[in-house]
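Participant: Listed in order, the protein sequences are those of chains A and B. Sequential numbering of the first sequence, starting at 14, is according to this note's numbering. Sequential numbering of the second sequence, starting at 14, is according to this note's numbering.
One thing to keep in mind: the hints can contain errors.
As the list claims (entries may be wrong) - Pairwise CB distance ranges, derived in the manner of DEER restraints:
#: 1; chain 1: B; residue 1: Glu49; chain 2: A; residue 2: Pro153; range: 21 to 31 Å
#: 2; chain 1: B; residue 1: Pro61; chain 2: A; residue 2: Asp168; range: 51 to 61 Å
#: 3; chain 1: B; residue 1: Glu49; chain 2: A; residue 2: Ser41; range: 49 to 59 Å
#: 4; chain 1: B; residue 1: Arg229; chain 2: A; residue 2: Ser199; range: 27 to 37 Å
#: 5; chain 1: B; residue 1: Asp168; chain 2: A; residue 2: Val60; range: 22 to 32 Å
#: 6; chain 1: A; residue 1: His165; chain 2: B; residue 2: Gln221; range: 36 to 46 Å
#: 7; chain 1: B; residue 1: Asn150; chain 2: A; residue 2: Ser233; range: 19 to 29 Å
#: 8; chain 1: B; residue 1: Tyr223; chain 2: A; residue 2: Val60; range: 36 to 46 Å
#: 9; chain 1: B; residue 1: Asn150; chain 2: A; residue 2: His239; range: 23 to 33 Å
Stated by the list, open to error - Computed list of lysine-lysine pairs in DSSO-like fashion (alpha-carbon distance at most 30 Å, straight line):
#: 10; chain 1: A; residue 1: Lys137; chain 2: A; residue 2: Lys154
#: 11; chain 1: A; residue 1: Lys154; chain 2: B; residue 2: Lys137
#: 12; chain 1: B; residue 1: Lys206; chain 2: B; residue 2: Lys195
#: 13; chain 1: A; residue 1: Lys206; chain 2: A; residue 2: Lys154
#: 14; chain 1: B; residue 1: Lys206; chain 2: B; residue 2: Lys154
#: 15; chain 1: A; residue 1: Lys137; chain 2: B; residue 2: Lys206
#: 16; chain 1: B; residue 1: Lys137; chain 2: B; residue 2: Lys195
#: 17; chain 1: A; residue 1: Lys137; chain 2: B; residue 2: Lys154
#: 18; chain 1: A; residue 1: Lys195; chain 2: A; residue 2: Lys206
Honestly, the hints are just simulated from the structure, not real lab data. For every residue, glycine included, the Cβ atom is placed at its ideal position computed from N, Cα and C.
2 protein chains.
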Amino acid sequence: MSYDLWYWPTIPGRGEFVRLALEAGAISYRDLAREEGAGALAADLAVPRDMPPFAPPYLIADGLTIAQTANILLFLGERHDLAPGNLAGRLRVNQLQLTIADMVGEAHDVHHPIAGGLFYEDQKPEAARRAEDFRANRIPKFLQYFERVLLHSGDWIAGDRWSYADLSLFQLIEGLRFAFPKRTASVIRDCPKLLGLHEAVATLPELQDYLASDRRLPFSDGIFRHYPELDAA
Amino acid sequence: MSYDLWYWPTIPGRGEFVRLALEAGAISYRDLAREEGAGALAADLAVPRDMPPFAPPYLIADGLTIAQTANILLFLGERHDLAPGNLAGRLRVNQLQLTIADMVGEAHDVHHPIAGGLFYEDQKPEAARRAEDFRANRIPKFLQYFERVLLHSGDWIAGDRWSYADLSLFQLIEGLRFAFPKRTASVIRDCPKLLGLHEAVATLPELQDYLASDRRLPFSDGIFRHYPELDAA
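Model the full assembly from the supplied sequences, consistent with the hints where possible.
Facilitator: Dropping the structure here:
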């Protein structure tokens with residue numbers, strides 16, 4: 014059994030949260046747009062389906078098309094034991110994943126506060142204002158929340174091993190460090206549990222091959238972008 | 014058994030997606046901030062918890078605190094049969110709920126494109142630009158997507174009876190009609206399946222008492238807001 018993943022081929026973006034789960038879970042998959050190009054993704058998106066995706070990423074599994082990052086991860090978590098199986102653990106991991114998704118959306122909207130279809134250059138003054146609020150209020154609020162959640166758990170978010178939400182939290186921190194290196198450093202310094210979780214995922218034996226491979230895409234001009242003028246300690 | 018719901022007491026907001034599911038499912042609950050006021054909600058948010066909510070709404074059920082609207086609905090859907098029980102149906106309803114949540118977030122950011130902590134009056138020029146894009150691109154894209162999903166289903170989103178995502182889609186259309194009456198009318202006119210679903214939920218026998226009661230809050234200055242200057246056909 015192998016899954017087909019579809020996501021934009023040149024950015025980590027939301028696809029990376031799915032890739033990390035697939036890789037850490039040693040789950041067989043093809044990354045189709047990376048094999049066949051963005052044109053193949055555009056063509057696949059136009060295929061009529063019983064349940065069409067609104068946007069990538071989406072996963073084709075056993076004939077089902079599953080979209081929305083947190084929904085794909087919910088499926089993988091249940092099917093491949095990448096999250097606790099009990100009710101409290103499942104809801105906890107899903108709740109955290111949705112909160113991570115909220116912060117990812119906000120990190121994107123910092124450089125695109127007016128419209129995703131316009132260039133950053135067309136919305137720079139608005140981006141500067143939104144970045145100021147994101148740095149002053151949102152980065153501390155989200156990171157301190159995740160720290161607070163970790164204070165009530167062990168080394169991992171839920172249970173005694175990693176879940177897909179641990180992997181996503183690692184990726185979120187990676188993205189924030191790329192996009193807002195100064196501000197992220199000054200906030201995360203006071204979040205020892207979050208720093209410990211980031212390090213634990215970065216050194217996870219299950220991920221070492223992947224993280225060193227060219228399957229792991231660097232950040233560039235996707236959701237997490239580094240514009241020096243939008244960052245400050 | 015009864016649940017405790019916590020949400021801001023004066024707006025429908027994200028809490029209303031949960032209320033509609035509780036009411037249509039004839040599930041016993043207390044709406045605590047409406048009984049005890051916003052101060053009680055603020056106090057409850059400060060209570061230390063194993064899994065703290067990032068923000069309302071949250072539901073206290075069997076000792077668990079469950080937050081994130083789509084996560085609460087996933088729980089209620091499984092526990093009270095408000096969604097199909099099979100894998101494809103569960104994922105379909107969750108995927109759709111997450112796409113509804115994305116549009117709700119965007120509808121909010123039209124009037125608050127810079128910062129949720131500032132007043133609309135502090136970000137009016139930015140809101141005017143974002144509204145232009147929301148009307149031209151996002152309202153058609155989302156509504157035509159939901160219409161396309163409904164073309165592949167019967168009268169309801171998944172299966173032969175309503176699910177919580179059907180209720181949420183009704184509420185989303187209600188909110189859009191309040192906030193952007195002109196633009197919503199001109200786009201939804203070409204979405205007959207969506208109009209049919211809205212009508213089917215509006216006339217659902219299970220909801221008639223609720224919709225006529227004062228438990229059903231009117232839209233005002235919450236997520237969906239009507240600023241005439243942000244709307245146009």
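Participant: Assuming the hint says 19 to 29 Å, is it satisfied by the Cβ distance from Asn150 (chain B) to Ser233 (chain A) or not?
Facilitator: holds (24 Å)
Participant: If you check the beta carbons of Asp168 (chain B) and Val60 (chain A), does the distance land in 22 to 32 Å?
Facilitator: 25 Å Cβ-Cβ, so the 22 to 32 Å window holds.
Participant: Within a Cα-Cα threshold of 30 Å, do Lys137 (chain A) and Lys206 (chain B) meet the stated pairing?
Facilitator: Distance of about 40 Å is beyond 30 Å: violated.
Participant: Tell me if the straight-line CA distance from Lys206 (chain B) to Lys195 (chain B) falls inside 30 Å.
Facilitator: It holds: about 20 Å lies between the C-alpha atoms, which stays within 30 Å.
Participant: Glu49 (chain B) and Pro153 (chain A), beta-carbon distance inside 21 to 31 Å?
Facilitator: Between Glu49 (chain B) and Pro153 (chain A), where Cβ atoms are some 29 Å apart, the hint holds.
Participant: Determine whether the Cβ-Cβ distance between Glu49 (chain B) and Ser41 (chain A) falls within the hinted range of 49 to 59 Å.
Facilitator: holds (53 Å)
Participant: For the range 23 to 33 Å, tell me whether the beta carbons of Asn150 (chain B) and His239 (chain A) fit it or not.
Facilitator: holds (27 Å)
Participant: Under the criterion that the straight-line Cα-Cα distance not exceed 30 Å, is the pair Lys137 (chain A), Lys154 (chain B) satisfied?
Facilitator: Holds - the C-alpha atoms of Lys154 (chain B) and Lys137 (chain A) are around 25 Å apart, at most 30 Å.
Participant: Confirm or reject the claim that Pro61 (chain B) and Asp168 (chain A) have a C-beta distance inside 51 to 61 Å.
Facilitator: Violated, at about 20 Å.
Participant: Lys206 (chain B) and Lys154 (chain B) were given as a pair; does the straight-line alpha-carbon distance stay at or below 30 Å?
Facilitator: holds (15 Å)
Participant: Taking 36 to 46 Å as the hint, is the beta-carbon distance of His165 (chain A) and Gln221 (chain B) inside that range?
Facilitator: holds (42 Å)
Participant: Would you mind confirming whether the straight-line C-alpha gap from Lys206 (chain A) to Lys154 (chain A) stays at or under 30 Å?
Facilitator: holds (15 Å)
Hint compliance for this structure: hints 2, 4, 15 are not met, and every other hint is.
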